[in-house]
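K.L.:
Protein chains in written order, with the working numbering: chain A, 1 to 279; chain B, 1 to 523.
Among the hints, a few may not be true.
Derived, one-sided and incomplete: chain B residues facing chain A with beta-carbon distance under 10 angstroms [unchecked claim]:
hint: 1; residue: R154
hint: 2; residue: A365
hint: 3; residue: M403
hint: 4; residue: F406
hint: 5; residue: G407
hint: 6; residue: I433
hint: 7; residue: G434
hint: 8; residue: R439
hint: 9; residue: H443
hint: 10; residue: Y445
hint: 11; residue: I462
hint: 12; residue: V466
hint: 13; residue: G497
hint: 14; residue: L501
hint: 15; residue: G520
hint: 16; residue: Y522
Note that these hints are calculated values from the structure, not bench results.
Even glycine gets a Cβ: it sits at the ideal position worked out from N, Cα and C.
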Amino acid sequence: MSVSSLRLHVESALAGRVVSPFRFREASAPEVVPTGIAALDELTGGLPRGCLTEICGPPCSGKTSILQSALAARTQATEACALVDAQDGFDPVGAQQSGIELSRLLWVRCQRINQALRCVDLLLHGGGFGLVALDLGDIPARLARQVQLNVWFRMRRAVEDTSTVFVVLAQETNAKSCASLVLRVEKEATAWSLPTQKTERHAVHTLGCLLDGSAHSAEMVRSFLRRQKPLSIDRAKNYEPAGTGHFQLSSDQQLKEKELSETEMQTVEIFEKRRQNPG
Amino acid sequence: MAFCAIFVPDFLLQAAFRSEPALRNRPLVLLDETAPMFRVIAASEAARQLGVTAGLTKAAVAEFPGAQIRLRNREQEAAAHSALLDAAWSVSPRVENTAIGLVTMDGAGLTTLFGSYEEIGLQLQSRCLDLGLYVHVAVSENLETACIVACAHRGPTIISAGQEAQFLKPLPVDLLAPSEELAEVLRHWGITSCGALASLPVLSLSECVGQEGVRLHAIASGKGKHALILAKPAHEFEECLELDDAVEELEPLSFLLGRLLDQLCARVAARALAVRTIRLKFELQPAFEEAFDASREVLRVKQPAGTFHCLLSLPRPTQDAKLLLKLLRLRLQDKPPNAPVQKLWMRADADRPLAVQGGLFIPVAPDPDKLELTLARIASVVGENNVGSAELLDSYRPDAFRMQKFGAAGVASQKAVSVASAENSEELHKAKIGFRYFRPPLHAYVDLDEGQPARVSWKGNIGKVVHASGPWRLSGQWWEEHSWHEDAWEVELSFTGKTPLSGTYQVVFDVSQKKWFVRGCYD
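Turn these sequences into a full structure, and let the hints steer you where they fit.
P.N.:
Set out below in structure tokens:
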């Protein structure tokens with residue numbers, strides 16, 4: 001059988017299912033949406049649609065803040081979003097203050113990881129959501145690791161060729177090669193307005209000491225959009241990867257403090273002086 | 001002006017066939033529901049061929065092999081008659097509810113929509129057949145003539161103006177429904193057909209039998225003067241099904257529900273409406289323990305049967321019977337009836353179907369029908385109260401919210417926001433530190449140093465307080481039973497060893513319980 005007749009045979013066998021099976025098609029770059037944090041958008045280029053994105057880090061590393069920022073951006077763009085909360089840890093009050101339109105956010109409160117995986121599967125196959133997030137942030141890493149790889153493959157396949165951004169929050173990366181973008185975040189420092197105040201009397205309102213915010217670093221472990229050059233062994237020591245960024249998060253209290261009028265700020269200063277010098 | 005009469009022959013049998021289509025080709029015998037002497041009131045063609053006639057007792061019918069005996073069900077008959085009305089309303093808004101199994105409608109102006117009157121008649125027969133009813137149709141300029149001819153001829157029969165008397169002439173006078181006294185008189189006179197009645201002199205007839213004779217004479221002559229009395233269309237549709245043997249499993253029950261939903265959706269679609277709400281009611285079989293009185297060792301008579309109710313509300317009206325069946329199945333899987341089902345009622349509240357046009361610049365949103373099914377499936381996994389969107393409560397209490405139903409219709413309807421403004425709004429909001437709740441809060445032990453937390457421990461982890469901010473005293477609802485009073489601290493904890501827990505937490509001293517809790521962490 002000649003090559004041309006073989007080719008014709010294959011094309012006729014795949015007719016109606018595959019268009020031009022012998023034509024090379026380069027995968028087009030997916031559309032990206034902003035996370036709402038400029039430093040992260042600069043680092044990653046944004047969250048890709050139709051792909052699985054993993055944001056991992058230990059507790060208090062800032063991954064929830066990134067997710068809330070992305071959810072705020074999507075819901076403000078009038079897209080419907082879904083959050084599958086494996087341990088029921090979502091804070092709706094704080095989320096609304098972060099800019100999330102709660103009426104456009106479907107919140108699924110699970111108690112177990114199996115429930116969460118089942119619900120995510122249903123949501124991804126249902127389609128139509130701008131962003132679907134699976135929050136495994138409070139699930140111990142050893143449990144999240146037990147999720148089989150074919151589950152992540154199934155999810156990646158479900159979200160492929162859709163306009164849905166699929167974000168997974170976890171303490172460690174689990175999806176391996178199924179994830180198109182993997183970010184590892186860590187907390188660098190917490191910002192307080194004043195050093196620790198020692199109050200003699202219980203229940204005195206220490207207005208001077210407020211949680212201002214925190215500084216975080218993000219490392220782009222994997223990105224199909226921005227591939228990194230391989231790292232040589234001799235350069236690995238004391239090496240800060242090119243895919244690293246830093247960002248800051250602010251607390252509500254800091255904002256509230258900024259909103260205080262001058263008179264109120266003077267009152268606070270007088271109160272602090274009197275407390276430091278009681279005589 | 002032309003009137004169309006739609007008549008259902010063997011209405012009682014057809015109502016039964018509509019509920020149980022498997023009986024159509026079998027010898028069906030309907031008994032009157034009056035106990036204890038159940039007598040035959042209707043028998044199908046196959047049953048008549050066996051020798052079953054009206055008036056036989058139940059015991060006599062039981063001797064015929066293969067005869068399917070059913071009790072008359074007035075609810076099924078009402079549903080069949082409502083379906084007949086729906087078929088008429090699907091063609092014309094001017095419909096009269098003439099009698100059980102007989103409906104009349106105004107055909108004026110319909111020729112521009114459906115073609116000739118014959119085509120209208122065929123259309124009516126086709127639509128009734130879709131709803132499970134085989135009907136006779138007659139069209140005439142005289143309303144009574146149309147009704148009588150429809151009762152007699154299969155049709156569609158088109159009676160031209162002036163030809164009424166000719167069509168009525170051979171028809172039996174019993175079709176005019178005379179009173180018993182008048183029927184007896186006419187029988188004595190040898191009047192058996194409408195033509196014979198019409199040939200009698202009116203004045204003499206009036207002197208002998210009074211005004212009723214005159215009225216029937218006019219009808220038999222094709223000169224009746226009955227005007228159309230319009231019926232008011234209802235937006236509620238009801239179907240019922242009574243079972244010989246109670247059903248316990250969900251699978252056969254969903255088969256029956258599917259049949260009822262098909263009938264309801266066909267009726268709703270005929271009226272160009274869509275289902276907004278489905279109300280399901282089951283009559284449950286009483287348990288044997290309840291039926292048997294152990295103390296007297298006798299079976300109680302007529303135990304009150306329990307009922308089971310189920311309500312399904314849709315955010316967007318639909319005509320999709322399969323979707324409704326899936327939703328009902330999921331609902332019944334979550335909350336199944338606690339006893340076998342022996343009778344089913346299904347009632348649908350209908351509304352106008354919503355037409356939504358997509359657009360290039362409208363953001364993606366889930367398909368409402370698909371979303372409803374997805375939400376129902378998720379609810380079956382996590383519970384109905386654990387899925388939806390959060391609605392904040394007007395309270396200073398921390399974590400004060402309630403769950404409400406998530407509606408993509410609301411999401412999709414907000415089209416006014418342009419893409420440009422949405423992109424701008426993305427730039428406006430600033431990244432804030434997020435908070436992650438521990439639900440329920442973790443019980444903790446806190447060591448205080450000069451009134452401030454110095455060490456916090458929970459679940460075997462001991463953290464040293466690096467920074468603390470507080471106490472933030474919160475209290476409220478002291479006038480109610482569920483009052484709350486707490487001192488909250490934001491603490492930065494440092495853990496020794498490999499524990500990856502170091503971070504900023506919120507610890508709370510519950511004043512009423514005198515206990516410390518870790519409410520959550522800033523993440």
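K.L.:
Could you run down the list of hints and mark each one as holding or not?
P.N.:
Now the hints, each set against the structure:
no. : hint : in the structure
1   : R154 : violated, 48 angstroms
2   : A365 : holds, 5 angstroms
3   : M403 : holds, 8 angstroms
4   : F406 : holds, 5 angstroms
5   : G407 : holds, 8 angstroms
6   : I433 : holds, 4 angstroms
7   : G434 : holds, 4 angstroms
8   : R439 : holds, 5 angstroms
9   : H443 : violated, 17 angstroms
10  : Y445 : violated, 17 angstroms
11  : I462 : violated, 16 angstroms
12  : V466 : holds, 8 angstroms
13  : G497 : violated, 13 angstroms
14  : L501 : holds, 6 angstroms
15  : G520 : holds, 7 angstroms
16  : Y522 : holds, 6 angstroms
In this structure, the earlier hints numbered 1, 9, 10, 11, 13 are contradicted, and the remaining ones agree with it.
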